[in-house]
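Residues 726 to 957 (my numbering) make up the sequence shown, in order.
Hints were generated in silico from the structure; no laboratory data involved. These numbers come from a predicted model, not from an experiment. Quick reminder that beta carbons are idealized off the backbone N, C-alpha and C, glycines included. Errors might be hidden in some of the hints.
[Stated by the list, open to error] Label pairs and their calculated CB-CB ranges:
1) A805 with L773: 22 to 32 Å
2) E843 with L784: 38 to 48 Å
3) V742 with Q917: 38 to 48 Å
4) R848 with A942: 48 to 58 Å
5) P732 with R848: 30 to 40 Å
6) L940 with K743: 36 to 46 Å
7) K743 with L780: 19 to 29 Å
8) V787 with A852: 30 to 40 Å
9) G857 with W735: 47 to 57 Å
10) V929 with T796: 27 to 37 Å
11) W766 with L856: 52 to 62 Å
12) V933 with V810: 40 to 50 Å
13) R948 with P755: 19 to 29 Å
14) V929 with I783: 41 to 51 Å
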Amino acid sequence: MTGWLGPEEWQAVGLSVKVAFWATLLSLPPGILAAYALARWEFRGKQLLNGLIHLPLILPPVVTGYLLLMTFGRRGPVGAWLEEVFGLVLAFRWTGAVLAAAVMAFPLMVRAIRLAIEAVDPRLEQAAATLGAPRWAVFFTVTLPLILPGVIAGSALAAAKAMGEFGATITFVSNIPGETRTLPSAIYSFMQVPGGEAPALRLVAVSVAVALLALAASELLARRAARRISGT
């Protein structure tokens, strides 16, 4: 396998895995919170929040990338503040690729987790609350174990989406070799040069293999979690 891919191709694969890992990990806590709020809470602006969360699925990815650049770029309101206070630069850096991938994958994660929460009988949570357990304890001891298969499925979908994200990423962080050139960007770059069909095809094969492995692993983990919950 090492000889099958060249150094530049391995670099793109490694960066894609790193971006997908951090995008999924950082999205998980707010994703669970957003899914729980949409599934269980009633509040003013709920539909607006739901629309904002799912907006990246509807907007062209290039538009999402442009909005990220205007907001988190070095001259953007949030980007300038992050650089001044924390020295953190997102635009045209791999950290920005993580942000772009997380934004694009977030709706898929939230939807999967929300469906899992809605499938949990609220009476189970109410029973725990009547015994004097605080809300956070009810969530971590009752709700979270029951929705674990949905959390795993949502995380897998988010990771797969992050691995394949292209439009928002290339708009926000460009296509810089060794810094922001992920798998999709590398495939695009190889397709633009003579003789690049072979490495592009190899990276396509890697993308398909990684996506299938991620989905298979998530399915296996979700089934094991479901069996453990049911006690079978």
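Now the hints, each set against the structure:
For the hinted restraint 22 to 32 Å between A805 and L773, the CB-CB distance of approximately 27 Å keeps it satisfied. At about 26 Å, the beta-carbon gap between E843 and L784 misses the expected band of 38 to 48 Å. Checked against the hint of 38 to 48 Å, the C-beta distance between V742 and Q917 comes to roughly 24 Å, which is inconsistent with it. Distance hint for R848 and A942: a CB-CB separation of about 33 Å, inconsistent with the stated range 48 to 58 Å.
The given range of 30 to 40 Å is broken by P732 and R848, whose C-beta atoms sit roughly 58 Å from each other. For the pair L940 and K743, the supplied restraint of 36 to 46 Å is violated, since their beta-carbon distance comes to about 20 Å. Taking the beta carbon of each, K743 and L780 are about 26 Å apart, inside 19 to 29 Å as hinted. Separation of V787 from A852 is about 49 Å and departs from the stated range, judged on CB atoms against 30 to 40 Å.
About 55 Å separates the C-beta atoms of G857 and W735, a value consistent with the hinted range of 47 to 57 Å. Checked against the hint of 27 to 37 Å, the pair V929 and T796 passes, with Cβ atoms roughly 32 Å apart. Restraint check, W766 to L856: a C-beta distance of roughly 22 Å breaks the suggested window 52 to 62 Å. At roughly 42 Å, the beta carbons of V933 and V810 sit within the given window of 40 to 50 Å.
Taking 19 to 29 Å as the suggested C-beta distance range, the pair R948 and P755 conforms, at roughly 26 Å. Roughly 27 Å separates the CB atoms of V929 and I783, a value that falls outside the hinted 41 to 51 Å.
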